[in-house]
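> These two chains come separately, so use the hints to put the complex back together.
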Amino acid sequence: MSTLECVCSGIPVTIGQIHKEQRTRAPKGTSCCLVPVRLLLFVVLPLMLCAAQEQDAAVRNPADLKNLTLEELSQIEVTTPSKAPARAFQTAAAISVITGEDIKRSGATSIPEALRLAPGVEVARIDGNKWSIGIRGFGSRLSRSVLVLIDGRTVYTPLFSGTYWEVQDTLMDDIDRIEVIRGPGGTIWGPNAVNGVINVITKDAHDTQGMLASVGGGNEEQGFANFRYGGGTEDFAYRVYGKAFTRGPESHTDGRNFDDWRAAQTGMRLDWAGRHQDKFTLQGDLYDEEAGESVQATSYTPPFSWIANDNALLSGGNVMARWARPLAEGNDLQVQAYYDRTNRHEPNFGETRNTFDVDFLQRLRLPARQQVSWGLGMRFSPVHDIEVVSGLTFRPNDRTDYLLTGFLQDDIGLVDHRLTLTLGTKVLRTNFADLSLEPSVRLLWTPTGRDTVWAAFTHGVRTPSDAEENFNLSGFLGSASDGTPSFARFNANNAFAPEQLNGYELGYRRLLGRSVYLDIAGFYNHYHDLFDEEIAGSTFLETSPAPAHFLLPAQFRNGLRGATEGGEIAPEWRPTSFWRLRGSYSYLHMNLGKSPGSGDIGTAPIIEGSSPGHQVLVQSAIDIKKTFQFDLTYRYTSALPGQNVPSYSTGDARFSWRRSHVEVSLVGRNLLQPSHFEYGGEPGPMVAIKRSVYAKIAWTQ
Amino acid sequence: MDPVNQIRLRQRRQYTRRFLRNLAVLLSLLAGLWQRVGAADEQSLEYQVKAAFLLNFAKFTEWPSSAFRSADAPLSICILGDDPFDGVLDQMIRGEAINGRKLAVLQIKRQPRPQTCQVLFMGKTQKDIRRTLADLGSGVLTVGEEESFLREGGMITFVIENRRTRFDVNPAAADSAGLKLSSKLLSVARTVKK
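Order-wise, the sequence lines are chains F and D.
The first sequence begins at 1 in my numbering and counts up by one.
The second sequence begins at 1 in my numbering and counts up by one.
In isolation and in its complexed conformation, chain D is listed as follows (with noise of 0.2 angstroms):
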């Protein structure tokens, strides 16, 4: 057998682990949820996910140290005209730290200040975003929902595929941002920008 395919092999087997590990938390889950009544609500379900998502995307980049006020100022994850999130995104952040930072998250109404935000996340309703996206000065992760949001200059925007969340990179934007997207951020992504 070829090494390539031993590699694939192993990996697989990772993942077949991983997977009983997962069920059986998931079984225990089933056991409790059985007695709940009614189907998960779809649209915060989307969105607790991209919730997940935003806080992965603070893990796996890194800010020049310009990016902040302080060294102490948090990272902080900035949500631009309506929050899609409805709470689960301040949640999901409650005593998690990413290099020491704490985790803030704010609500703008309109371009942010410099150093205020590293990530920066313009929903559906969005308007401008070519404009809001020339305008903001570097250090800032963009993330978006449309699929227009890469062509219009951001960084990283959402897809839904077959009923899941994937998302596309722009590597080149976050670059000249002067932000570093790990190779592990990449290499889950469903495309990623040329």
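The shape of chain F in the complex, shown without the other chains (with noise of 0.2 angstroms):
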């Protein structure tokens, strides 16, 4: 799915064509690709600020410009990652891009830090390595209606139906941009895009030629090393990587300071491009960690029930190889495949997965302005899961899910480029639901090359997963006078259904002037067959498994409906070249209710409750020369009544010098208080996320 199917369709076409166009090489014979290899190893990296100062020059002198031969021409960089949002401009979705320099200035040392910077997702972390992620409504621990994919591979999980985000890392220099849907992408992006997808795209291999290294510490941040090298020559790149951090508690009242984290990472990436421009792209990854928690575990035997503060033992990997190759103007096919592989050890239950999946694509320009692009993928995940504690078990043990998906789609030209017309469906079958469909309507209206209004019709779909159908939870209610222990068990449900969404979506660019730029995009979200958790009968004796007890029979249905509504406005405004100011209201009313017939047990305040009303975001970017770098951001949440949460404002500061091949910089995060609440979500007293402040020295040549 993903990078790949983003090179084809309607939100992606954009955001594809960038991705290929940046590593489209010059035909062969073109000597003026030898100048950039050595511009970029041997003279320009090892001096840091020699391509800005020419570009500098080049502004204060334009008559210089003139001289320059037609290679040298095309070397000049004219644009910074940063622009990215204009690319993004001509897109029929609410998009935005985060790009690796608004991460870098925002001192965020993990992706799930990063997103705070998107508007209308909802970060909360939950304790040191947890966090609870939404778009649109509907956060919670493992982001369940949000797609998370990373350079094209699949990090959503079928196990709990979402993403474990302690174990999504990369080097956060080698980001090069994270794009952001908000609202259903389920027709191009793949199943379980509900509410939106997060895409996290890292550099080209040329684009991290050298070395970097860096070390820092703080409060929080305990100690951080990070290492990268790159080399290669015009056609052929390489990096290799190798991160490692340890991370202390956050605030906790009662001492338990269960969530410390230690990881260590390492990993690579090749891209070369060979004869008809085509592009290979090998990479992968593999990571080690240890993640402090406090779970509930309940077993049918004494104790019965108690809080388990230990490590989870995390570690996994991945590989993936793409081959693209452009045929013609606006004609390309793209191949990838990748196997990844993920282990959980956790106090209550342990899970090892290996993932295999294949994607096509082919994009096809036909007569009347149309461009079609059609697409195949399989994933095939055999999974075994490992019982820790008799009240949380799957059934069975050893399963294989699998996804099959199609999709077909096409962009019309209606109006000679200015009105755009895009049509298309996925089809997909998993092992947990019939064939579904996932069809969108889009289009797109662009009256000048400054405005761009779009409209959306999408029909989403989150499929079941492990969690609702071959899972069965527990929890201790307490124990009758003659001793003999009660329990209540969510069942597994395998007649559980997939949740379906209905998305209407309008939205709104402008560039005003060249300083300004406007965002705006509105939703109603209508949702049905939603999950919910029932009592599924009246309590009887059980025998098995022994010994003998209570039970309140339970399970997870769809027994919830109802819609949100909401809208996010992102202004970004440059006062002067040196000063940058970016930020975003995001606005969400949610209203759940039960279906008919249904037996909810009060899911739905909890959902309604769990993601804020209202989110502000201001960052501010300060270039002083070219050696200092002055950063702030401020935030607001409003209060989460289902979490528990007071709403909350807090800013983050960064301030940063450099010189030559060096750069130290002082981030500060959480700075408006000792220590505030995000989210509840775990047993025992809630943790309060502590003011952090880390010093980070980074060389590169």
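Source of the hints: derived by calculation from the structure; they are not laboratory data.
Just so it is clear, CB atoms sit at the ideal spot from N, CA and C, and this is done for glycine as well.
Derived CB-CB ranges, DEER-like: (1) Leu186/D - Gly513/F: 33 to 39 angstroms; (2) Leu186/D - Tyr339/F: 40 to 46 angstroms; (3) Asp83/D - Leu414/F: 25 to 31 angstroms; (4) Ser65/D - Met211/F: 54 to 60 angstroms; (5) Lys184/D - Gln701/F: 34 to 40 angstroms; (6) Phe280/F - Leu186/D: 26 to 32 angstroms.
Not close to chain D: a few residues of chain F, all C-beta gaps over 12 angstroms, as computed: (7) Leu282; (8) Gly284; (9) Val372; (10) Val389.
Right under this line is the structure:
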């Protein structure tokens, strides 16, 4: 799915094109390519600032530019990655792009923290190594309704429907950008993109040449070290990286301090250009972590129920190969395949999963201004679950989850490239659900080069997962007077249906002059067959598993329906060439209720109360000469009654000084109070997120 | 070593030499620039580079004499509609001459009359490019900055690739307008439409 599909589709066309264009090589025999490689490798990178200074030179002295050769002109960088919003400008979807530069300047040390920069995304830190993330509502520990991809590899797991954010990592400096699409993206991106898609895209190996090493530490980020080396030629480039960190616990009133975190990760990427402008990419990662956690454990034997504070042992790796061939203008094809392994050993359960995935995509330009994209994909995911406590089991223990998808989309230019209609659908089948369709209709109108108006209707599907269909979760209720324990258990429900969404969206973007960019989007989402928790019968005496106990049967069912509405306003302003301001305000109203006949036991108010109604972000980035950077971020999040979290405002600051190869930075996060709550969600007293400060020194060659 | 490799090696040496020369220039600039405040305005840099390209396109194109009003008429670079260059182009052509012709920059609001413009730049905000191109007579080198520009009948279009300015060329369109694009221009182009 994903970057693959991203090359094709309505939303993704623009995005895909960036990706594609980035590495299209000049034709063979064109000598200019010799220059940049030399330039990059031996001259500019070592000098760090040269390229920038060269640009400065050009700006001050246009007359000098005219004396450069065509080749030399072709090598001047005229935009920075932060220009990406301009690319997203003509997209019929609510897309925002967090660039590598944005991430660096926010001081974020993890992907979830970086996501705070995107409008409409709710990020709440549960503890030191866990987050609740949602887009346009439905925030949860695993972000059930958000599809997450890293370089086209789906990291959304069918285990509990969602993404284990604590194991999604890479060298932050290698992230080219994170594209966040709010609203359903299933037609193009794949199932479970019900409320949005998060697409992490790392840099091409040609853009990470040379050496990078950084170390740092502080009160929470106790110590971290990153290393990367990249080399190669004009056609072939590679990089290898390694990183490790240790992180302290957040603030605990009861002193349990369970959420410390240590991790190490390594990886590589190769990019090379073959004949016929073919492009090959091979990449992979390996990681190993210990992430402390506190979980409720239940067993049918005494002590029946306890809170386990222990480390989750998490490890895994992946390898991916991608081949893309441009055939002619607007025509290309791409094939990608990956293997991904994850091992989880938590205090109350364990899982080992192997995922094999192959995707094919073709884009064709047809007469009458039509661009057709189609693709096929399949994924097999054999899994082994390890039972640790009898109160949390998967039946069967060994299974193979699978997903088969196909999609077809047509972009039709209606009026002289000013009005584009995009029609498409995805067809999918998984081991949990019969054939489902995810159709969409999008309309894009660009009356001038400076305005874009778009509208969309999309049908999205969140496919059922192991958590609903194969999962049995017990809770201890107490003991009767004769000592017989009493439990409630959510029994596996293999009739769980896909959750459904009909999404209606409208958006407007405008460039005002050269320095102001405005992006407004509104939505109305109507859901049915949403997940809820229901009592499934009356209490009875169960003898297996032994010993005998009273059991109240319960089940996860599709008992909720309702609607959400809201919108986001995201302006960006460059008052001067060295000062950039961006901000966003996100509004959300959720109104969920029981479907007729539903026996929901109170899921709706908790879901409604776990996403903020109002969020504000303001980010300021100032460059002082080429030497200093000063960045400030302010964040406001309204209360989460479902999690007993009051509203909070906080801020981050970063100051950096750079000279030649060395950059020293000082970062403070959550500065406005000693600690604040962001989310509940764990047994025991709530964890407060601390004010944190770290210093970092980076060396680039 | 085979001859091809030798040539490549020689080319590389040449580039390295040119490189060191550029480096020396850069270093001297660097010393002065260190004191200056602020980063470059990227938008204008993009158009400064595009302006320099326009000048180069004119250098690497041959016009028939019928494309000019007279033997001493200037070679005019016309900007149709909004001017994104902010005066940079005027600055750049000052004192320049191509094949003995002076250069001029004209801002025009509508379809140019025959023999007025030898280079016609149509920016992003331009509407109805297809029609403008269709109605244009011969002898005008057309330059755009949208990917669709060549499809609509244009000759050269700018593309931003990997944060750098590149261009695609459609030599057939130039041919049919009586223009000859040098092989140098074609060799530096990102893609040449067949």
